[in-house]
Amino acid sequence: MSKVILVGSPNSGKSMLFNRLTGLNQKVANFPGITVDVGTGRIQAMPERTLMDFPGTYSLQPISAEEKLAVGYFERALQDPEVDHVLCVIDATRLEKSLLFTLQVIRDCQRFGKPVTVLANMIDVLDNHGLELDVDGLAQTLQTPVVPLSGRSGKGVDELLASLRNPVMPDTNGAFANAPDALLRGEAHALSRRFGPGGELLVRGQARLDSFFLHSVTGGISFFLIMYLLFQSIFTWAAPVMDAVESSLGWMADALVPLLGNQVARDFTADALFGGVGAFLVFVPQIFVLTFIIGLLEDSGYMARAALICHKPLRLFGLTGKSFIPMLSGVACAIPAIYAARAIDSPRKRLLTYMAIPLMPCSARLPVYTLLIAAFIPAETALGGLIGWQGLAMFGIYFFGMFIGLLIAGLVSRTAEDRYTDLPFVLELPPYRMPGFKPLLRNAWNRSRHFVTKAGKVIFAVTMLIWILGYFPNYGADLGESWLGQVGHWVEPLFRPLGLDWRYGVAIFTSFAAREVFVGTLGTIFGIEGADENMVPLVDHIHASGLALGSGLALLVFFAISLQCVSTLAILAKESQSRSLTLKMFIGYFLLAYVAAVAVYQLTNALVA
Amino acid sequence: MTAQQTLWSLKAGERCEIIGYDTTLAEAYRIRLMEFGFHPGERVTCLQAPAFGAPKVYQVSATVFSLDDDVAAYVQVRLEPRDA
Numbered sequence: 001m002s003k004v005i006l007v008g009s010p011n012s013g014k015s016m017l018f019n020r021l022t023g024l025n026q027k028v029a030n031f032p033g034i035t036v037d038v039g040t041g042r043i044q045a046m047p048e049r050t051l052m053d054f055p056g057t058y059s060l061q062p063i064s065a066e067e068k069l070a071v072g073y074f075e076r077a078l079q080d081p082e083v084d085h086v087l088c089v090i091d092a093t094r095l096e097k098s099l100l101f102t103l104q105v106i107r108d109c110q111r112f113g114k115p116v117t118v119l120a121n122m123i124d125v126l127d128n129h130g131l132e133l134d135v136d137g138l139a140q141t142l143q144t145p146v147v148p149l150s151g152r153s154g155k156g157v158d159e160l161l162a163s164l165r166n167p168v169m170p171d172t173n174g175a176f177a178n179a180p181d182a183l184l185r186g187e188a189h190a191l192s193r194r195f196g197p198g199g200e201l202l203v204r205g206q207a208r209l210d211s212f213f214l215h216s217v218t219g220g221i222s223f224f225l226i227m228y229l230l231f232q233s234i235f236t237w238a239a240p241v242m243d244a245v246e247s248s249l250g251w252m253a254d255a256l257v258p259l260l261g262n263q264v265a266r267d268f269t270a271d272a273l274f275g276g277v278g279a280f281l282v283f284v285p286q287i288f289v290l291t292f293i294i295g296l297l298e299d300s301g302y303m304a305r306a307a308l309i310c311h312k313p314l315r316l317f318g319l320t321g322k323s324f325i326p327m328l329s330g331v332a333c334a335i336p337a338i339y340a341a342r343a344i345d346s347p348r349k350r351l352l353t354y355m356a357i358p359l360m361p362c363s364a365r366l367p368v369y370t371l372l373i374a375a376f377i378p379a380e381t382a383l384g385g386l387i388g389w390q391g392l393a394m395f396g397i398y399f400f401g402m403f404i405g406l407l408i409a410g411l412v413s414r415t416a417e418d419r420y421t422d423l424p425f426v427l428e429l430p431p432y433r434m435p436g437f438k439p440l441l442r443n444a445w446n447r448s449r450h451f452v453t454k455a456g457k458v459i460f461a462v463t464m465l466i467w468i469l470g471y472f473p474n475y476g477a478d479l480g481e482s483w484l485g486q487v488g489h490w491v492e493p494l495f496r497p498l499g500l501d502w503r504y505g506v507a508i509f510t511s512f513a514a515r516e517v518f519v520g521t522l523g524t525i526f527g528i529e530g531a532d533e534n535m536v537p538l539v540d541h542i543h544a545s546g547l548a549l550g551s552g553l554a555l556l557v558f559f560a561i562s563l564q565c566v567s568t569l570a571i572l573a574k575e576s577q578s579r580s581l582t583l584k585m586f587i588g589y590f591l592l593a594y595v596a597a598v599a600v601y602q603l604t605n606a607l608v609a
Numbered sequence: 001m002t003a004q005q006t007l008w009s010l011k012a013g014e015r016c017e018i019i020g021y022d023t024t025l026a027e028a029y030r031i032r033l034m035e036f037g038f039h040p041g042e043r044v045t046c047l048q049a050p051a052f053g054a055p056k057v058y059q060v061s062a063t064v065f066s067l068d069d070d071v072a073a074y075v076q077v078r079l080e081p082r083d084a
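Chains A and B, in that order, are what the protein sequence lines are.
The first sequence stops at residue 609 when you use full-length UniProt numbering, and every number in between is there.
The second sequence stops at residue 84 when you use full-length UniProt numbering, and every number in between is there.
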């Protein structure tokens with residue numbers, strides 16, 4: 001099967017064209033090293049040919065490790081005999097930005113004898129503004145066919161397919177075959193002046209909107225409103241679908257479990273399959289909604305403006321403005337947040353963002369915080385009801401997690417070896433445009449599916465392990481007598497410096513699958529049904545168990561820092577392509593959480609005494 | 001003698017001509033700036049200079065970029081009169 005490769009600079013409309021040609025049959029593949037996605041799909045009009053969508057890059061002279069990987073893959077593709085055509089997409093509205101890369105591609109294709117067609121995308125935008133691109137002049141100078149088209153409307157796609165059917169073989173001694181990059185830079189500048197549409201019509205419209213969205217006052221207000229809507233989408237709009245998934249799983253469990261004859265099979269299906277693995281499926285709607293909304297902000301052009309607004313404060317902690325959305329998403333759930341960090345082009349800053357995300361106070365911490373605060377902080381108010389101590393404690397622990405996350409990013413950025421390439425903050429502000437809803441829905445669907453298929457395997461394995469340890473050898477009769485209970489007794493000395501006995505040790509151990517499991521496990525140990533829904537009896541049992549205030553505060557601090565989430569670890573390992581980093585973060589955050597918790601316990605005891 | 005003006009010193013609405021780069025700017029960054037169109041001789045307009053030292057917004061050719069001071073302060077420019 002022959003391959004056609006699609007290359008172009010970022011924001012040239014390449015992916016939309018890919019989807020139009022393949023009918024959205026995109027398959028995303030991760031390549032080793034740093035995450036680079038190459039979409040592949042069959043060209044609908046030519047099913048015998050595969051189209052490969054390469055990551056966008058501004059130049060074939062890379063300055064970051066990620067760019068090196070993308071460029072290296074392009075160079076290998078040129079030597080692949082199955083690759084028989086290169087399609088190079090340029091943004092017809094901003095010719096100079098795309099032309100250097102195009103000239104480099106033409107040069108390399110001339111060297112390797114691969115036919116190349118230049119696709120002048122977004123021609124409809126020029127038409128709408130009465131602007132023109134000198135297509136014939138450009139094609140003659142580039143010694144390459146140039147097809148004006150619109151990935152959005154489909155105009156020019158037939159001419160593109162004709163070009164694929166009748167390729168023009170390049171002259172291996174062509175005008176650019178031996179041109180150095182320095183010469184091509186000057187050439188790109190001159191060609192854009194000579195053949196480009198000229199005029200500042202498009203930029204003027206953009207500047208008017210920017211003067212609103214980047215204004216000190218209106219920009220700040222609109223930023224907070226948009227972020228508020230983003231939060232609403234995560235917490236409120238996804239909630240009914242999450243509830244529906246949870247109810248459906250419960251209904252399926254109720255229908256299926258009684259049909260099973262064997263008690264072990266019934267317990268396994270109810271507790272491990274539906275209770276354990278099902279619990280992570282509940283997050284899928286949240287990932288779908290968040291991916292869709294973030295895509296909407298990116299596609300409209302607003303995301304680049306949001307990154308600009310947040311850049312300065314985050315720079316203090318070694319991060320970039322582009323870290324803001326992933327960190328904000330992390331307040332709901334670290335999984336979509338880690339996915340969102342893909343948008344950060346600097347590998348070093350993406351790494352720092354990965355380090356900060358697990359410390360954002362995610363929704364899985366909420367049940368743990370609620371339980372511990374209800375158990376240890378009095379439900380009293382001050383200043384005539386203006387301040388509630390429990391609310392203040394919740395705010396404090398949320399802020400504490402965020403602060404520690406930023407602090408760690410700041411410290412690592414100042415001390416870590418410079419193994420990951422840094423990039424300066426140079427951000428192209430794309431024109432504002434109406435988002436394409438179909439590709440965004442498709443992207444959200446792909447991301448949700450990726451979460452289920454990739455993280456699901458790890459989550460399944462860990463859930464099974466915890467279930468087996470908790471079920472045997474007494475077939476679920478008494479958790480305290482199970483292997484898991486024995487583990488609790490083994491780990492008890494570890495948690496004794498926090499004033500915790502084996503029961504809390506077991507609950508902490510199981511919470512490494514997911515933090516919220518802590519509450520359910522304590523409920524099981526104390527023999528309370530439905531502790532997740534109604535915490536009052538559990539709070540009473542915690543008081544009766546003699547747990548001290550210092551231990552409660554130590555647990556709060558421990559949960560604020562420790563990275564107890566199998567799903568997050570699985571996605572982190574996949575996205576960072578580094579199991580070593582994931583392991584270091586897991587161990588590092590556990591040790592930090594432990595030391596901080598012991599310090600809080602000792603300090604509280606000293607103060608109370 | 002006045003201090004060398006840089007892209008970062010531009011206020012919103014001001015226009016300049018790029019005359020060179022500070023020699024301490026890393027070559028990779030200089031090349032990337034040139035790939036974006038920030039060539040010596042090119043005219044650049046500062047479209048936005050947001051408050052609190054946030055990155056500034058510049059128009060070069062038909063493209064708009066936001067640059068922070070870690071790059072813009074290394075691009076040497078000659079300011080053009082407002083009515084130029």
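Hints may contain errors.
Covered stretches of chain B, as calculated for chain A (at least 3 residues, CB under 8 Å) [to be verified]:
id	segment
1	24-33
2	54-62
Simulated crosslink set (SDA-like; lysine to any residue; CA at most 20 Å straight-line) [as the list claims (entries may be wrong)]:
id	chain 1	residue 1	chain 2	residue 2
3	A	457	A	578
4	A	68	B	9
5	A	312	B	51
6	A	68	B	69
7	A	68	B	26
8	A	438	A	153
9	B	11	B	80
10	A	312	B	28
11	B	11	A	23
12	A	312	B	49
13	A	312	A	218
14	A	584	A	404
15	A	68	B	80
16	B	11	A	457
17	A	68	A	457
18	A	312	B	12
19	A	438	A	457
20	A	312	B	9
21	B	11	B	42
22	B	11	A	207
23	B	11	A	578
24	A	438	A	23
25	B	11	A	584
26	A	3	A	38
27	A	68	A	50
28	A	312	B	69
29	B	11	B	49
30	A	312	B	73
31	A	68	B	28
32	A	3	A	50
33	A	68	B	31
34	A	312	B	52
35	B	11	B	70
36	B	11	A	50
37	A	312	B	70
38	A	68	A	38
I should point out that these hints are in silico values taken from the structure, not numbers from a laboratory.
Backbone N, C-alpha and C define an ideal beta-carbon position, used for all residues, glycine too.
(request) Of all the hints given earlier, name the ones this structure violates by number, lowest first. (result) Result: hints 4, 6, 10, 11, 15, 16, 17, 19, 23, 25, 27, 36 break, sorted rising.
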